[in-house]
Amino acid sequence: MTGLLQFFGLIHAGIRDNKLLWLLIAGFALFPIVTHLVDLPFWNDVVMRIMLLGMAAMGLNLVLGYGGMVSFGHAAFIGIGAYCVGIGQFYGLMNGWAHILLSIAVCASLGLVIGYLALRTTGIYFIMITLAFAQMLFFLFVSLEQFGGDDGMSIDRAEFLLIDLYEPLRLYFLIWAMLALVALLLMFVVRSRFGVTLRAIKSNESRVEAMGLVPLHFKITGYVISAVICGLAGTLFASWQEYVSPDIMHWTRSGELMIIIILGGLGTLAGPLLGAIVFLLLEEFLPVMLGALAPAYAENWMVLFGPLLIMVVLFGRGGLVGLIDRKILPRLGRGKTAVK
Amino acid sequence: MTLTLILEQTFNGLQAGVTLFLVAAGLTLILGIMDFVFLAHGAQVMIGAYAAAAITQATGNFFVGLGLAIPITFASGYLLELLIIRHLYRRDHMEQVLATFGLILFFNEAIRIGFGPAAIYSDLPPSLSGFVEILPETPYPAFRLGVIGVGLIIALGIHLFVSKTRIGAMVRAGANNPEMTAALGVNIKILFRLIFATGACLAGVAGMMLGPLTAVQSGMGEPLLILSLVVIIIGGIGSVRGAFVAAIIVGLVDTLGRVFLPSILRLFVEQATADGAGPALASMLVYILMAVVLIFRPTGLFPAKG
Amino acid sequence: MKKLMTICAVTAAMAAMPAMAETVKIGYMTTLSGGAGIIGKQMQNAVNLAMQHKGGKLGGMDAEIIYADDQRKPDIAKQLANRLLKSDRVDIVAGVIWSNLLMAIHKPVTRAGNLLISSNAGPSPIAGDQCHENFFSMSWQNDQTPEAMGKHMQDAGIKSVYLMAPNYQAGKDMLSGFKRYYKGNVVGEVYTKLGQSDFQAELSALRAAKPETTMIFQPGGMGINFVKQWKQAGMDGVSKLYQVFSVDGVSLPALKDSALGILGTQTWSPDLDNPINKKFVADYKAQFGGYPSFYAAQAYDTILAIDYAIAKSGSKDTAKMRAALATGDIPTTRGNLKMNTNHFPIQNIYLRETVKDADGVVTTKVISTVFNNHADSYAVNCKF
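Residue numbers (our numbering), protein chains in the order written: chain Z, 2 to 341; chain R, 11 to 316; chain E, 1066 to 1449.
Wrong hints could be hidden among the right ones.
Only pairs whose alpha carbons sit at most 25 Å apart, straight line, appear in this in silico SDA-like list of lysine to any residue [what the hints assert, rightly or not]:
1) E/Lys1258 to R/Arg307
2) E/Lys1275 to R/Leu17
3) E/Lys1385 to E/Leu1328
4) E/Lys1275 to R/His103
5) Z/Lys203 to R/His103
6) E/Lys1275 to R/Leu262
7) E/Lys1172 to Z/Leu175
8) E/Lys1172 to Z/Ile164
9) E/Lys1258 to R/Ile259
10) Z/Lys203 to R/Asp45
11) E/Lys1385 to E/Gly1178
12) E/Lys1224 to R/Thr12
13) E/Lys1403 to E/Gln1195
14) E/Lys1258 to R/Ser273
15) E/Lys1224 to E/Leu1328
16) E/Lys1216 to E/Asp1424
17) Z/Lys328 to Z/Arg318
18) E/Lys1448 to Z/Glu146
19) E/Lys1385 to E/Gly1125
20) E/Lys1224 to R/Gln281
21) E/Lys1244 to R/Met180
22) E/Lys1321 to R/Tyr131
23) E/Lys1151 to Z/Asp40
24) E/Lys1344 to E/Asp1422
25) E/Lys1258 to E/Gly1100
26) E/Lys1448 to E/Gly1125
The hints are simulated quantities; they were obtained by calculation from the structure and are not laboratory data.
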């Protein structure tokens, strides 16, 4: 009984210390009510994409923000998760839980192997070797003709017992539930001894080594966890898109995840979610805005997006979460939103 | 598969390698000395190609185009460093990656706005449109020989400059230990700016050389960028010598792999599998090479930081 | 993303006659931003031109086109399709350049009970076992054009050919379509890297193989690079070059004279002699400066098809339009287009040569007809 109370105590403490994160997650849960009231159900689709991207970004953030490992390879894990659904369905496996288990198994094993090989390097070398692995996986899937190659495969939504994903909002809340689970998991991981050690490795690896710990073990474990999370995002993404193709695992997709993380706030729990929201909203509205201002150049909206990124990097210390902590919260007279 | 063909393909690989070296040289110095991940280096290639092609079209003379495009690319690199890059030196790698990624988007789109999204017209200068018989019955485009020549001269020039001049010594010192070099009184800011501008200029020259051979369009530099990153990783960051050796190796492996791998595979597996797997493997080959090098030498073949 | 540039119909002020209360909404999805934006731009120009020619009305109904920029990404295409259907409530979704994007939105649009009309992409699953009655192609099935090339070469008695295409699905489809009709000696079948810019090594290998002819599929920038380097290497003296989808209205302005003399097969050419095409090409040149590409012609035909469907059926109801289109005989830039049972066109395929026109501009000209009323090879697998 006391164990259960302790567990709930931990959750309560976690939610109290990560208000922004759980505010966002609660917001996602309530969002369909809003769209129903204004009769714009299409926006549920956008938010589903936000939640999926946010989930993957949270996974990457574990190694990137907390662990300091700049991995360009994580889009590959999203792709593998998606292809677990696609290839599974190709061979008649329609059960969604089976897809998820398969994805966890494959991503964990692959994450272990790639992590072990790549983490022997650091810095720019690590960046490049993760990019290399991502490219190799990309070319592999492009060459797999029986699974459509780069034309991809049209698939159906996975079948979960008792839940028919084709009913309205079922997929939405499945994704939401998975996101909440991932957030809970990461919240524990980050505050645990493992998480603290990982962050210590990011700031000073030799000191951790001097304490008698093996940094490589921690880094690989973090890498595997993040790979599995990205894979999970991929499996649900496949059901959302009803289509899988190698585009999902192109290294530029990893770049997008990084943009999201840094927009939101590196090394924070809520950052990736905030970043996903802003990123997708920008994707929607930047072309519209440019179209209104200068219709002849509406297609060239990326000429604004580039400098925007540069400015975020130059001036946006800590991303949006940092902005909220520094500017908005003091005005409200409160402390920090999240444990950093 | 004759000896002549193998020799000709080796020659092709050398040309590809030399072009890669022009792009990689600047990048390895920027990454090695300023510890700056400059992803937008491919954009410099594009700027050089466009400058040369546009001026050549306007003046009708390729060499005028070349001559004017070189200072233009140097200036663009100089300005870029002055305005944006120098603010990012102290940031961590990921922020640099993102900022330069934003630069790529900006440059690609700006070129599209300025010149339109379609590829612009560029062709060989009439004086270099002929052929040279490098091997019996093997006509080789004279222009490509020119590219190899230019590349080798520049490589030699860089080598002499870096190893024999005082500024070269400062560059080498900066690659080895930037803080100490600054502490010794070298004006590190101007040094960085000049190195950056020179690197940009070299990449631009690669673009100017490639312009007549390939399509001059937005984003043309990105494939070269990825390959040059692979080159400098294999060669060792900060080492121009490493970049040269690695560029030649990568050029050869990529070229020879592309043309001979399917045939080699056919010796081991049946035709259909070889034809399917061959091209896929060939595109992965360079990455596999890099991964292998990194596993055995995690800092490349000739790392500058001893 | 979604460019909210709606081309609105004839305004109410001009409706002196009792107008039909209905407006037909068409969601036109293409790639407008990014590297391939030039293609989408041409298609958009063509659609606007068609609307102009039709006075803003299709089949007598006011028409509204909503353009959507898919950025060449399947997830954005999927999101756009959802938006067009659920938010903008379009009646028809049309356009789509790329096969993978079409594969991504095919099911959602057709199952929702809306017509999906492709202006370009034509992957074999959609022509065969994954076909759906709500889908119509106003372009071609991917294999048809290379099949024609294969037939031409076979009929012309060409003894040997060296094949080259990029290593992706479309590349493999093109070459397999070619080999379906060409039974001669395939000296080499080389798959190049997607996006490759330097073919010197492949050209060296080609020269060593000394094939009588070379047939390539290298779309977009790859085609520009290949043809340039082919000429620069003096390969015309080694082999005769044939192509599908590599030399067209998009790449010719960059190639200019270096493309002269190259033969290719295509379902359309700017010089096709029928009134609709003549008007289309002339007005396109006048308004947008330069010849339209086949992408533009197909986009133009898409609007003509919608016009035809509504006029013939008298309504914009999906089932009725579908019935009208399925019977074929649609007036297009290619003449009256017949429809196959899988809703892909049965059409002529021509042999074209790159030539200079009277003004010295490089374009293509029809030399002969390879196939009369050619159907695609996947219709047998399609059962609605």
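Starting from E/Lys1172, check that the Cα of Z/Ile164 is at most 25 Å away, please.
-> holds (21 Å)
If you draw a straight line from the CA of Z/Lys203 to the CA of R/Asp45, is it 25 Å or shorter?
-> The hint holds at about 18 Å.
E/Lys1403 and E/Gln1195: Cα distance at most 25 Å?
-> Status holds; Cα separation ~21 Å.
Does R/His103 lie within 25 Å of E/Lys1275 when you go C-alpha to C-alpha?
-> Roughly 50 Å separates the two Cα atoms, so the pair is violated.
Within a Cα-Cα threshold of 25 Å, do E/Lys1224 and R/Gln281 meet the stated pairing?
-> holds (22 Å)
Is it true that the CA of E/Lys1258 sits at most 25 Å from the CA of R/Ser273?
-> holds (16 Å)
Satisfaction of hint between E/Leu1328 and E/Lys1385, Cα-Cα up to 25 Å | violated (41 Å)
Agreement of E/Lys1448 and E/Gly1125 with the hint, judged by alpha carbon distance not exceeding 25 Å = Outside the cut-off at roughly 33 Å; violated.
Straight-line Cα separation of E/Lys1151 and Z/Asp40 no greater than 25 Å?
-> holds (10 Å)
Verify the proposed pairing of E/Lys1216 with E/Asp1424, using a straight-line Cα cut of 25 Å.
-> Violated, because 33 Å separates the two Cα atoms, which is more than 25 Å.
Does E/Leu1328 lie within 25 Å of E/Lys1224 when you go C-alpha to C-alpha?
-> It holds: about 17 Å lies between the C-alpha atoms, which stays within 25 Å.
25 Å limit on alpha-carbon distance, applied to hinted pair E/Lys1385 and E/Gly1125 = Between E/Lys1385 and E/Gly1125 the Cα gap is close to 15 Å, so the pair holds against 25 Å.
Going through the hint list in order, the structure does not satisfy hints 1, 3, 4, 16, 21, 26.
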